[in-house]
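Please work from the sequences and hints to get the whole structure.
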Amino acid sequence: MAKKYTIAIDRSVCMGSGVCVTYAGLTFDQDDETRARVINLEGNSLEDIQVAVESCPTGAISLDLE
Amino acid sequence: MTSSSSILDMDRVREMFDLRGSYVAGAGGGFTTDPYPIWNALRDKAAVQPGTLHELSGVTEPYMFHGLPEAERAHFSAFTYAACDQIYRNPETFASSPDVIDLEDGVGMVTNSMLSMGGAQHRRYRTLVQPSFVPAKAQWWTTRWIQETVDLLVAYLQGRGHAELNTEFCASIPILTIAGSFGIPIEKALDIRDSVRNPMQLIEMITPIVAARREQPEDDLISVLVEAEIKDEDGAMHRLSDVEIYSFTALLLAAGSGTTWKQMGIVLTTLLQRPELLEEVRQERTLLRNVIEETMRWNPTDPMFSRWVTQDTVLEGVAIPKGAVVHICLGAANRDPARWDNPDDFDALRPPKSMFGFGGGQHICLGMHVAKAEMTVGVSAILDSLPNVRLDPDAEPPKFIGFYERGATAIPVLFDEEEIRARP
Numbered sequence: 202m203a204k205k206y207t208i209a210i211d212r213s214v215c216m217g218s219g220v221c222v223t224y225a226g227l228t229f230d231q232d233d234e235t236r237a238r239v240i241n242l243e244g245n246s247l248e249d250i251q252v253a254v255e256s257c258p259t260g261a262i263s264l265d266l267e
Numbered sequence: 434m435t436s437s438s439s440i441l442d443m444d445r446v447r448e449m450f451d452l453r454g455s456y457v458a459g460a461g462g463g464f465t466t467d468p469y470p471i472w473n474a475l476r477d478k479a480a481v482q483p484g485t486l487h488e489l490s491g492v493t494e495p496y497m498f499h500g501l502p503e504a505e506r507a508h509f510s511a512f513t514y515a516a517c518d519q520i521y522r523n524p525e526t527f528a529s530s531p532d533v534i535d536l537e538d539g540v541g542m543v544t545n546s547m548l549s550m551g552g553a554q555h556r557r558y559r560t561l562v563q564p565s566f567v568p569a570k571a572q573w574w575t576t577r578w579i580q581e582t583v584d585l586l587v588a589y590l591q592g593r594g595h596a597e598l599n600t601e602f603c604a605s606i607p608i609l610t611i612a613g614s615f616g617i618p619i620e621k622a623l624d625i626r627d628s629v630r631n632p633m634q635l636i637e638m639i640t641p642i643v644a645a646r647r648e649q650p651e652d653d654l655i656s657v658l659v660e661a662e663i664k665d666e667d668g669a670m671h672r673l674s675d676v677e678i679y680s681f682t683a684l685l686l687a688a689g690s691g692t693t694w695k696q697m698g699i700v701l702t703t704l705l706q707r708p709e710l711l712e713e714v715r716q717e718r719t720l721l722r723n724v725i726e727e728t729m730r731w732n733p734t735d736p737m738f739s740r741w742v743t744q745d746t747v748l749e750g751v752a753i754p755k756g757a758v759v760h761i762c763l764g765a766a767n768r769d770p771a772r773w774d775n776p777d778d779f780d781a782l783r784p785p786k787s788m789f790g791f792g793g794g795q796h797i798c799l800g801m802h803v804a805k806a807e808m809t810v811g812v813s814a815i816l817d818s819l820p821n822v823r824l825d826p827d828a829e830p831p832k833f834i835g836f837y838e839r840g841a842t843a844i845p846v847l848f849d850e851e852e853i854r855a856r857p
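Order-wise, the sequence lines are chains V and G. Residue numbering for the first sequence follows the numbering used here, beginning at 202 and increasing consecutively. Residue numbering for the second sequence follows the numbering used here, beginning at 434 and increasing consecutively.
Heads up, a few of these hints could be off.
Said to hold, decoys possible - Listed next, the stretches of chain G that the computed footprint assigns to chain V, with coverage defined by at least 3 CB atoms under 8 Å from CB atoms of chain V:
no. : stretch
1   : 554-564
2   : 784-790
To be verified - Partial list, computed: chain V residues near chain G (C-beta under 8 Å):
no. : residue
3   : Y224
4   : G244
5   : S256
6   : T259
7   : A261
8   : S263
As the list claims (entries may be wrong) - Here are some chain G residues the structure puts well away from chain V; computed CB gaps all over 12 Å:
no. : residue
9   : N473
10  : H499
11  : A507
12  : D518
13  : Q706
14  : R718
15  : G750
16  : Q795
17  : H802
The hints are simulated quantities; they were obtained by calculation from the structure and are not laboratory data. Heads up, the beta-carbon is just placed ideally off N, CA and C, and yes, glycines get one too.
In structure tokens, the structure reads:
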């Protein structure tokens with residue numbers, strides 16, 4: 202059974218670097234203000250999403266495994 | 434067919450971009466041995482140690498780089514991934530400057546820029562330019578400047594059968610890309626590289642362009658800076674002053690034109706030394722992304738950056754006093770066995786995970802996505818347009834040299850002389 206998880210992005214912490222997009226570009230993109238957002242929770246594998254979350258330079262993304 | 438050789442003075446390019454020449458001697462351009470065994474041993478000994486990286490590595494010459502010499506301060510070097518990560522993620526303790534930055538104070542020096550700011554001030558300036566540098570904008574850079582620059586340079590090489598890729602290809606791409614984005618004509622592009630050492634020269638070149646874009650914005654970076662609105666400390670919106678714009682252009686120039694070309698040379702050399710891998714990448718271009726990422730980990734062009742300590746702190750058990758300079762030895766951290774298996778191996782098939790080739794934290798390289806686009810477009814063009822490209826067996830093989838700024842010595846290649854008629 203696939204693991205369930207939720208992703209939260211703190212917009213005040215996100216600086217729009219785009220690093221998460223480079224590691225999990227099917228799950229994350231950036232809005233008009235360059236803030237990251239989730240476009241498809243299952244776009245990338247959980248592994249790639251975890252890499253993207255860890256890579257965030259400001260720690261703006263949190264991943265909760267349910 | 435336009436030839437870049439008639440537009441760019443190749444002798445001047447060669448002198449300007451030769452790692453061993455006077456241009457980067459101060460940063461350790463004459464360091465010719467592989468530093469990684471030394472750095473690995475230092476990292477294995479202790480995560481954090483007193484001293485500068487070059488002194489700890491046995492160098493007696495006074496190399497200079499970010500955070501050096503700072504002779505009046507205590508110095509510490511951090512080697513493990515964990516220690517460097519903590520430094521990057523604690524900008525209040527590990528700040529990007531010992532001083533408060535007011536751009537009106539000192540025009541034109543690279544450190545008088547966003548590079549050295551912290552906190553809310555940094556965030557305000559970074560927010561202004563970040564939209565022009567996000568991954569989605571890489572296509573704008575590619576279409577507006579990178580592809581044309583690369584096509585121009587490759588056209589000069591095609592059919593000749595031989596080339597030195599460092600100076601005849603890599604070195605020119607970032608400077609022409611940045612000059613293009615500034616609206617500076619190609620013939621003047623090398624002059625702006627010269628202005629890294631002479632800030633007034635850059636200001637002279639940029640001033641008329643800024644004035645012209647204020648009158649009539651175009652689809653370029655100066656127009657973005659001219660039109661940008663920044664919210665200052667009391668919440669009022671203001672447009673960037675001329676001084677603020679010069680500061681940005683000086684930073685973009687210094688940061689963008691000195692680094693990407695060397696990293697591209699490292700990528701090309703790494704591929705040319707592995708002909709089977711080069712052929713795989715030629716056949717399957719999606720591999721190039723991982724190749725570039727892995728070279729950034731395995732051989733980053735700038736393996737050290739610094740921070741200034743704002744309060745007494747303890748890092749991995751080592752007490753560091755307020756006022757010290759800490760050196761983030763990211764080259765060593767990128768080979769930490771606690772994070773990567775067989776870290777000294779170049780392995781393009783490693784699953785990607787974050788590393789410090791582009792730095793980390795708030796000041797993570799603004800230009801990283803543009804740099805990757807330049808490298809991707811550049812390397813692709815070499816693979817597409819120089820058939821059977823290979824290292825010249827009769828020439829000196831390329832070596833990676835340099836200490837605080839690293840790259841390939843020279844990349845002499847041979848390729849088949851028949852011209853490609855159509856791009857795939």
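Hints and how they fare:
{"no.": "1", "hint": "554-564", "in the structure": "holds (count 5)"}
{"no.": "2", "hint": "784-790", "in the structure": "holds (count 4)"}
{"no.": "3", "hint": "Y224", "in the structure": "6 Å, holds"}
{"no.": "4", "hint": "G244", "in the structure": "15 Å, violated"}
{"no.": "5", "hint": "S256", "in the structure": "4 Å, holds"}
{"no.": "6", "hint": "T259", "in the structure": "6 Å, holds"}
{"no.": "7", "hint": "A261", "in the structure": "11 Å, violated"}
{"no.": "8", "hint": "S263", "in the structure": "15 Å, violated"}
{"no.": "9", "hint": "N473", "in the structure": "23 Å, holds"}
{"no.": "10", "hint": "H499", "in the structure": "18 Å, holds"}
{"no.": "11", "hint": "A507", "in the structure": "27 Å, holds"}
{"no.": "12", "hint": "D518", "in the structure": "10 Å, violated"}
{"no.": "13", "hint": "Q706", "in the structure": "26 Å, holds"}
{"no.": "14", "hint": "R718", "in the structure": "17 Å, holds"}
{"no.": "15", "hint": "G750", "in the structure": "23 Å, holds"}
{"no.": "16", "hint": "Q795", "in the structure": "6 Å, violated"}
{"no.": "17", "hint": "H802", "in the structure": "6 Å, violated"}
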